[in-house]
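Engineer: Given next are the chains, with one letter for each unit.
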Amino acid sequence: MALDTILQVVISGLLMGLIYALVAAGLSLIFGLMDVVNFAHGELMMVAMYAVFTLWQMTGLDPFILLPVVAALLFGLGVAIYRLLIARALSVRFNRGMVQIFVTFGLAIFIRGFMQFWYGGEFRSITTTWLANRTANVYGVYLPLPQVAAGVVCLAAFAGLLAISRTEFGRALEATREDREAVALIGIDRDRIFALGWGLGAATVGVAGVMLAGFYYVSPNVGANFALIAYVTVALGGFGSMFGALAAGLLIGEVEAITAQILEPSLKQVGMFAIYLAVLMFRPRGLFGKI
Amino acid sequence: MKRFLLATAALVALGAGQQALAADDVIIGVVYPLTGNGAPVGLDAKAAYEVAADIINSTHAPIPMVMGAGGGLSGLGGAKIKLVFADSQNDPQKARAEAERLITQDHAIAIVGSYTSATGATISQVTERYEVPYMSADNSSPSLNQRGLKWFFRTSPHDEMFTAAMYQFFKDEGVKTGHPVGSVALFYEDSIFGTDSSTVQRKLAGEAKITVAADIKYRANSPSLSAEAQKLKAANADVIMPSSYTSDAILILRAMNEIGYKPKAIMAQAAGFQESAFLTGAGPLAEGAMSRSSFALDAGPARPAIGPVNALYKAHNNKDMNDNTSREITALMTLADAINRAGSAKPEDIRKALVATDIPGNQTIMPWAGIKFDETGQNVKGTPVIQQVTGGVYHTIWPFEVAVQPAVWGVGQ
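In the order they appear, the protein sequences are chains A and C.
Going by this note's numbering, the first residue of the first sequence is number 279, and it counts up by one from there.
Going by this note's numbering, the first residue of the second sequence is number 16, and it counts up by one from there.
Derived from the structure by calculation, the hints contain no laboratory data.
Just so you know, these numbers come straight off a predicted model, no measurement behind them.
From the three backbone atoms N, C-alpha and C, an ideal C-beta is built for every residue, glycine too.
Honestly, I wouldn't trust all of these hints.
Below, a sample of chain A positions facing chain C; criterion: calculated Cβ distance under 8 Å [what the hints assert, rightly or not]:
1. SER290
2. SER403
3. TRP408
4. ASN411
5. ASN415
6. TYR417
7. GLN425
8. ALA427
The whole structure should be built from the sequences, with the hints applied where relevant.
Structural biologist: Put into structure tokens, the structure is as follows:
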């Protein structure tokens with residue numbers, strides 16, 4: 279295999295891995311905070327993709343400009359989902375785990391159905407952006423600019439999450455995660471922290487969705503393709519670990535790209551699931567998990 | 016509250032509609048993916064069948080095609096065709112269950128379907144067991160009619176016929192331009208459609224002495240196809256031959272562009288490549304892509320029914336007929352014609368009438384020689400065309416006698 283082909287494979291894996299990582303980050307955040315697996319996570323990403331598509335259609339503005347608007351929208355949606363659904367699901371007395379699963383699972387089906395009802399089942403695409411379909415040729419290695427931009431934004435988003443974790447709110451988040459009963463005693467409003475955590479998680483996956491919409495199709499089922507990989511990423515990186523999500527996302531992107539070169543492409547997910555199984559067997563808390 | 020009232024009203028109307036069903040209505044079950052990734056195609060199919068049923072049932076100026084006179088089924092005293100739709104979600108097991116429900120609960124006397132070959136395979140097993148006809152409108156896998164089924168009928172050509180047409184086109188175009196096809200790269204999704212399509216393509220490539228430079232089976236609906244694009248680029252075949260549904264079709268063109276690869280020629284096994292969502296989604300990247308088709312919107316003069324039928328479809332669904340929707344309308348017309356000639360709603364009578372079907376091509380909206388089933392239930396008179404995207408629209412480029420423009424041929428350039 280020629281050197282430029284190898285480089286191309288590594289770069290493709292890296293760029294996809296950054297997207298996987300950012301999708302997983304929001305999931306990991308919510309799980310780490312309150313032990314709730316959000317089955318509607320892929321659907322939140324899909325909502326963000328439709329939101330940016332609709333705003334682009336209405337205003338003609340570039341997804342880059344619309345990014346903060348959609349992130350804010352998703353933040354609001356995350357808070358609303360917590361307040362209206364999750365808080366209630368958490369307050370049941372029996373079978374809390376099951377109730378949480380069914381609530382988020384039901385939400386996923388509802389969002390998917392609603393989007394098909396509202397937008398129809400068509401595959402849609404944002405066709406006119408600054409970077410649409412553009413590539414840069416660097417010494418024989420091609421860099422797809424929309425994906426490079428998405429990668430940069432993903433890294434920036436991780437930096438943002440890191441910065442947030444150093445603030446007062448971040449420390450409250452961390453404390454709530456460590457011991458949700460004790461924080462109430464020192465005057466931290468647990469309910470408020472949870473709501474903000476959901477908002478932050480949704481906004482994170484919203485950012486991933488907006489960047490993805492720059493080079494991917496938008497359809498009611500688009501979230502499902504990414505959600506499964508997000509769950510694997512979170513489990514691999516370690517529940518609740520932001521750095522773990524980033525590392526695992528990159529690892530999965532690379533493993534997927536390399537497996538597809540070695541094996542038949544239809545088996546390209548075999549490599550990632552093999553690593554996942556190995557981690558589950560030998561290090562069940564994930565690569566960087568604390569729990 | 017208003018919405019609640021509306022919902023209640025809708026429910027009441029639904030119930031009332033069922034009660035109002037006349038005893039002599041002929042019920043036909045229609046199974047398509049109405050939700051999920053196949054939904055864009057399934058919802059278009061639903062619109063197509065509604066238009067076809069309307070042409071059969073309502074009173075209107077006659078359209079020059081089979082069952083185009085309107086006014087219901089004259090052979091059954093003007094009985095109306097009543098369609099009952101079911102959602103397969105593109106899942107073979109759900110398709111099986113829905114087909115069974117349509118036959119046992121809704122008393123469908125025939126089933127029409129179903130877009131993907133994987134769902135067509137399970138539905139036709141159910142119809143065989145319950146002994147009702149299955150009219151395959153758009154399942155293209157060649158293995159479907161080779162299973163010795165008595166109740167399976169397919170109006171559309173299958174992928175072996177389509178692929179034979181592609182290789183004949185390669186040969187004709189090679190002679191015409193002096194740039195013959197030396198190698199092809201097969202690129203196909205991992206369900207029955209993709210694998211069967213590739214089997215035929217591989218076999219015919221061997222017979223035509225064309226090298227298969229790459230043979231790439233990929234997982235449908237993958238988040239990324241960049242690794243697959245790499246392999247296609249490395250092979251750099253004269254023609255890439257994809258068998259893909261819509262989402263993958265959009266994605267592979269983008270993935271090839273992302274690594275700076277512009278294929279010399281693309282010849283698609285229709286499916287996703289013939290969808291309007293693909294043409295908008297892939298945009299300029301789709302330019303020059305070729306695809307087989309069983310329909311030619313631009314064959315108007317030789318098929319006078321295309322104009323009025325397309326006008327009705329467009330009024331109903333706000334887009335032109337395409338490869339899939341035209342085949343769906345044709346399938347229902349053919350089935351209705353058989354029921355009409357049988358003069359009976361008994362499945363066995365309908366099956367006999369289907370076996371005796373012989374519709375000339377100019378009585379359809381298709382560019383075919385006609386509709387006549389062989390002993391396996393396959394229409395042997397369905398002759399495909401090859402089309403190419405220029406200016407964002409598919410134009411017929413082969414057979415040369417029906418072509419509206421010459422091919423833009425990248426091979427040998």
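Engineer: Confirm or reject each hint.
Structural biologist: Results of checking the hints against the structure:
Here the hint on A:SER290 is kept, as its CB sits about 4 Å from the closest CB of chain C, short of 8 Å. Proximity of A:SER403 to chain C holds as hinted, the smallest CB-CB distance being about 4 Å (cut-off 8 Å). With its C-beta approaching chain C no nearer than about 15 Å, A:TRP408 sits outside the 8 Å limit, and its interface hint is violated. Evaluation of the A:ASN411 hint against chain C yields a held restraint, the C-beta minimum of about 6 Å falling below 8 Å.
At its closest, the beta carbon of A:ASN415 sits 6 Å from a beta carbon of chain C; the interface hint therefore holds under the 8 Å criterion. A cut of 8 Å between beta carbons decides the hint on A:TYR417: the least distance to chain C is about 12 Å, and the hint is violated. With 8 Å as the threshold, the beta carbon of A:GLN425 comes within range of chain C, its nearest partner Cβ sitting at about 7 Å, so the hint holds. Of the supplied interface hints, the one on A:ALA427 is violated, with its beta-carbon coming no nearer than about 13 Å to a beta-carbon of chain C, more than 8 Å.
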